[in-house]
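Asks: What follows is each chain in one-letter form.
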Amino acid sequence: MSTALPAKPTRIMLASFCGGALLHIDRAPLWCLGVALAAVVWHWLHSTGRLRLPPTALRLLLTLALFAGIATSFRTLSGLAAGTALLLVMGAAKLLETRTRRDAMVVAIVALVLVLAACLDRQSLLRLPLYLAAAWTALAGIAAMGGARETATALRAFGTAGRALLFALPLAALCFVLVPRVTGALWSMPGGQSQTGLSDEMSPGSISDLSISEDIAFRVRFEGAAPPMAQRYWRGPVLHDFDGYTWRRQQGQFALREVAQPLSAPLRYRVMLEPTGRNYLFGIDSIASIDGPRNFRSFDGQVSAYRPVTAATAYDGVSWVNTRYDGTLSTVGRKLDTRLPANRNLRSVAMARELRARASSDLQFSRMVLDYFRSAGFEYTLTPPLLDTNSVDDLIFNTRRGFCGHFASAYVTLMRAAGVPARVITGYLGGTWNAVGGYYAVRQSQAHAWAEIWLEGQGWVRIDPTAAVAPERLRDGAGPLLNQDGAIDALLGDAQWLRNLRDSWDAASNWWQERVVNFNRDTQLDLLRRFGLDGIDYRGMALLLAAGGILWGCALWLLNRRPPQQTRPDALGRIWMRFIDLMGRRGLAIAAHEGSRSIAARAARHLPAAAAGINSFADRYEQLRFGRVTGSERELTALRVQLRQIARATAAGRRQRTAAAVPE
Amino acid sequence: MAQGKLTSGLRNGVRNWALRRQGADRLPLTLQARRVYIVPTSAGWTFALLILVTFVAGMNYGNGLAMLFSFWLTGFALVAMVQTQRNLAGTQLLDASALPAFAGAAVAIALSVATRGAAADLSLSAEDARMPAADPAEIPADILHLQITARRRGPWRAPLLRLTSTAPFGLFRTWTWLRLDVATLVYPQLAGNLPVPETAGEETGTGYMTTGQDELAWLRDFRDGDSPRQVAWKAYARGAPLLVREYRGHAAASRDLDFSALTGLDVEARLSQLACWCVEAAARGERWTLRLPGSAALAGAGPHHLQQCLQQLALHDHHGTAS
Numbered sequence: 001m002s003t004a005l006p007a008k009p010t011r012i013m014l015a016s017f018c019g020g021a022l023l024h025i026d027r028a029p030l031w032c033l034g035v036a037l038a039a040v041v042w043h044w045l046h047s048t049g050r051l052r053l054p055p056t057a058l059r060l061l062l063t064l065a066l067f068a069g070i071a072t073s074f075r076t077l078s079g080l081a082a083g084t085a086l087l088l089v090m091g092a093a094k095l096l097e098t099r100t101r102r103d104a105m106v107v108a109i110v111a112l113v114l115v116l117a118a119c120l121d122r123q124s125l126l127r128l129p130l131y132l133a134a135a136w137t138a139l140a141g142i143a144a145m146g147g148a149r150e151t152a153t154a155l156r157a158f159g160t161a162g163r164a165l166l167f168a169l170p171l172a173a174l175c176f177v178l179v180p181r182v183t184g185a186l187w188s189m190p191g192g193q194s195q196t197g198l199s200d201e202m203s204p205g206s207i208s209d210l211s212i213s214e215d216i217a218f219r220v221r222f223e224g225a226a227p228p229m230a231q232r233y234w235r236g237p238v239l240h241d242f243d244g245y246t247w248r249r250q251q252g253q254f255a256l257r258e259v260a261q262p263l264s265a266p267l268r269y270r271v272m273l274e275p276t277g278r279n280y281l282f283g284i285d286s287i288a289s290i291d292g293p294r295n296f297r298s299f300d301g302q303v304s305a306y307r308p309v310t311a312a313t314a315y316d317g318v319s320w321v322n323t324r325y326d327g328t329l330s331t332v333g334r335k336l337d338t339r340l341p342a343n344r345n346l347r348s349v350a351m352a353r354e355l356r357a358r359a360s361s362d363l364q365f366s367r368m369v370l371d372y373f374r375s376a377g378f379e380y381t382l383t384p385p386l387l388d389t390n391s392v393d394d395l396i397f398n399t400r401r402g403f404c405g406h407f408a409s410a411y412v413t414l415m416r417a418a419g420v421p422a423r424v425i426t427g428y429l430g431g432t433w434n435a436v437g438g439y440y441a442v443r444q445s446q447a448h449a450w451a452e453i454w455l456e457g458q459g460w461v462r463i464d465p466t467a468a469v470a471p472e473r474l475r476d477g478a479g480p481l482l483n484q485d486g487a488i489d490a491l492l493g494d495a496q497w498l499r500n501l502r503d504s505w506d507a508a509s510n511w512w513q514e515r516v517v518n519f520n521r522d523t524q525l526d527l528l529r530r531f532g533l534d535g536i537d538y539r540g541m542a543l544l545l546a547a548g549g550i551l552w553g554c555a556l557w558l559l560n561r562r563p564p565q566q567t568r569p570d571a572l573g574r575i576w577m578r579f580i581d582l583m584g585r586r587g588l589a590i591a592a593h594e595g596s597r598s599i600a601a602r603a604a605r606h607l608p609a610a611a612a613g614i615n616s617f618a619d620r621y622e623q624l625r626f627g628r629v630t631g632s633e634r635e636l637t638a639l640r641v642q643l644r645q646i647a648r649a650t651a652a653g654r655r656q657r658t659a660a661a662v663p664e
Numbered sequence: 665m666a667q668g669k670l671t672s673g674l675r676n677g678v679r680n681w682a683l684r685r686q687g688a689d690r691l692p693l694t695l696q697a698r699r700v701y702i703v704p705t706s707a708g709w710t711f712a713l714l715i716l717v718t719f720v721a722g723m724n725y726g727n728g729l730a731m732l733f734s735f736w737l738t739g740f741a742l743v744a745m746v747q748t749q750r751n752l753a754g755t756q757l758l759d760a761s762a763l764p765a766f767a768g769a770a771v772a773i774a775l776s777v778a779t780r781g782a783a784a785d786l787s788l789s790a791e792d793a794r795m796p797a798a799d800p801a802e803i804p805a806d807i808l809h810l811q812i813t814a815r816r817r818g819p820w821r822a823p824l825l826r827l828t829s830t831a832p833f834g835l836f837r838t839w840t841w842l843r844l845d846v847a848t849l850v851y852p853q854l855a856g857n858l859p860v861p862e863t864a865g866e867e868t869g870t871g872y873m874t875t876g877q878d879e880l881a882w883l884r885d886f887r888d889g890d891s892p893r894q895v896a897w898k899a900y901a902r903g904a905p906l907l908v909r910e911y912r913g914h915a916a917a918s919r920d921l922d923f924s925a926l927t928g929l930d931v932e933a934r935l936s937q938l939a940c941w942c943v944e945a946a947a948r949g950e951r952w953t954l955r956l957p958g959s960a961a962l963a964g965a966g967p968h969h970l971q972q973c974l975q976q977l978a979l980h981d982h983h984g985t986a987s
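Quick mapping for you: the protein sequence lines, in order, are chains A and B. When the count follows my numbering, it moves up by one through the first sequence with no breaks and lands on 664 for the last residue. When the count follows my numbering, it moves up by one through the second sequence with no breaks and lands on 987 for the last residue.
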């Protein structure tokens, strides 16, 4: 194991490190990847004899510098991101001193750790083949470096590793299903994850091109019939604070809460939320309760988990589509939701007050504002012009083009200006039906913003100003608001099979998320129930696991029972076999495993006429076989001649002939 | 130091226990599983730690993929363990031999095996003197080689051997101890620079020699100065190299190599000198007579004669102690 590195296994080892590093290509800092790949190239040049490995002093210096680089760029050495980067650069440093099999084995193991780090980071179905390929390569690297054989080819290394992986798969599946899962984390996932989807803020005026992401935000399965499109408002962050340009969430907790009375039967559904890096949990408006990760409902009806959603998470939601508020709005609440920044959007404020003066009620005022949006030439677009700091004034009196965020922001500002409590709700609207998976997929492109106003006697009422500007976007089932002319749908066009393909893929990745990545105690018991193992306890699971493990072990034992065999004899071996055959024909019984020396001694006694020839033949054979003499073709031919001599000498003796015994 | 003593004591204890369990080795034999031992290598322990960390992390974060990988790697390690163990268990040891060597040089042990996988996955090592195995490129497929330095002249018995394998992944090391009944002779060290004694005139043959001028003894490689009449031309015509026929009773000058004539040297130095002369005489194709006190004089020529002379030198005045 500590011998020098042969060329072919070295290449497999380099490939495995490359594979492990490339899994992190979009997460790890680029310089770390650069260092890793540079080390691979360096070592490759070294293995082909074109470059020397760096001297010890330089290597130590480099290692320290890399270590310091990680420490300064991450400010920590713990956590998945920093740990991965550290693995990358330390693996690279190890490559620069890899001279023996033992060193190369370390590099191959680092490659495997890189794969596992990637598994902890992201688990999507799309990445699974990459993980499998990288893990296989790393194990092939281990096979190439760990075996004693010098001549391991890539084919053999991959074959050995692949076979062992296949053998191991049944046990892995068995353990996966039967090893009991505990709920609850021992320690929490370190932060620093990237965040996608909705955020704590909304500044419509700062966006000039709302790029549409077709990524799935979450998937929903309804118990019973799904509510119609117009009722599938998925409530997310509620924004209260406005500085004239940006809407923000109200920080801090409020004890006040307006108690809603349900007017319809509860709607139940199960949500598979993709990781967001934030705390929001989405549910149909208005959310009654969410059962899943530990969460709380804030005063404004928004549900947040205690910990950021860093991995795909499933939860069960209960909602009421129609509600009524009996009480009155508290003073604090009214103050919070009627507050506007001073000296901002003054023209809009003036217009709102003028309209309110003409209206008989808050409700009628709201209708007048929506009518205004409908009739004053507002246009819905995903590429709106940028707005100045008086963003609402700029929108209403100047640009008149925007998307849902613009209209929600303007509407709430106008309401508040007239003293009507109002707030901006962000979330998603709709969801497309996936017939393959039997669920609704809600995509990032279906993100939406709407408004709520407080009406005396009715409580909080949902108003969607975008519907006034672009009503068709609510009616249309697919791509309701943002992606009417989205690139993906335009591409898919009428090709039904393409849509089916997309649905199938999405269903598969949902199955993967739900059944494999998020396999927990509940899904485990559910699966076992389907196998008829209802109410199985830990002891039963342990027994099943043990039984399955023993079966697997027996199968493994039997499959590896190939009888031992000698490989095909080499040229020298074949000459010896011919000698054995000859002795057999001359009447000398030879045991299967008799040693060459004892055969020769018995043969010499048995055939005294050729004793000298047999002895020298056997001596020569032993010299070639066991000595340090390489059996050149010349030597082998001499041995063959000698064998023929013995054959003739003994044949002559048997036939009582004297002539031709000795070659000329 | 104390710890080193403790571990080596422990190791010896384990080894002796194992040797008592397995009894004597008589070839050919099939290695039974009960005498094949297996432990993880350092890489194997690292692998185990990796599996554990993945499992705990997967459990903690509810990450099914990490769990799946940890189970899969566990299965992989178990497969690796079985495969490694079966490199040895069930392997047949067919034949072992050791070639004689001159003292100071290495005795070459060769062990012929039949394995499930490839014999190249196995390696042979001696417990006491760890010698590098022969260059793998030169090893015939089923022969394991080991070279052990021969220290003293005389009969030589193989020390306790260890047959090891870490293939196919290097995560486990499996081994068995072999107490093979392999013996050979260690010839005297080739040393001495005294001139060869002059030829002692016509030699008429002694008890060893058989009669008959033209009895073919064997064929040897052609050397400069050989008569063309002695070349085996028929063999040459069939593609063999130039070979020369040697005959017994071939009349030639014979050198007299006498132990008693070497005065002023101790016993070992004399034997070394005699061995040297024998080898040189054989290389020149001469006849010689070896005279050792207490043994019959050996007269003759050729490699077989040389071997007999060296055997006599190796065993001279030997009281049966092994090297």
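No lab work stands behind these hints: they were computed from the structure. Errors might be hidden in some of the hints.
As the list claims (entries may be wrong) - In silico negatives: residues of chain B with every beta carbon more than 10 Å from chain A:
#: 1; residue: Phe711
#: 2; residue: Asn727
#: 3; residue: Gly768
#: 4; residue: Pro832
#: 5; residue: Asp885
Unchecked claim - Here chain B is said to cover these stretches of chain A; the calculated rule only asks that three of the stretch's residues, wherever they fall, bring their Cβ under 8 Å from a Cβ of chain B:
#: 6; segment: 7-19
#: 7; segment: 410-424
#: 8; segment: 599-605
#: 9; segment: 610-623
C-beta: ideal position from N, C-alpha, C; glycine also.
Asks: All hints are to be evaluated individually against the structure, with a verdict given for each.
Replies: Right, here's what the structure says about each hint:
no. : hint    : result
1   : Phe711  : violated (7 Å)
2   : Asn727  : violated (6 Å)
3   : Gly768  : holds (15 Å)
4   : Pro832  : violated (5 Å)
5   : Asp885  : violated (8 Å)
6   : 7-19    : violated (count 0)
7   : 410-424 : violated (count 0)
8   : 599-605 : violated (count 0)
9   : 610-623 : holds (count 7)
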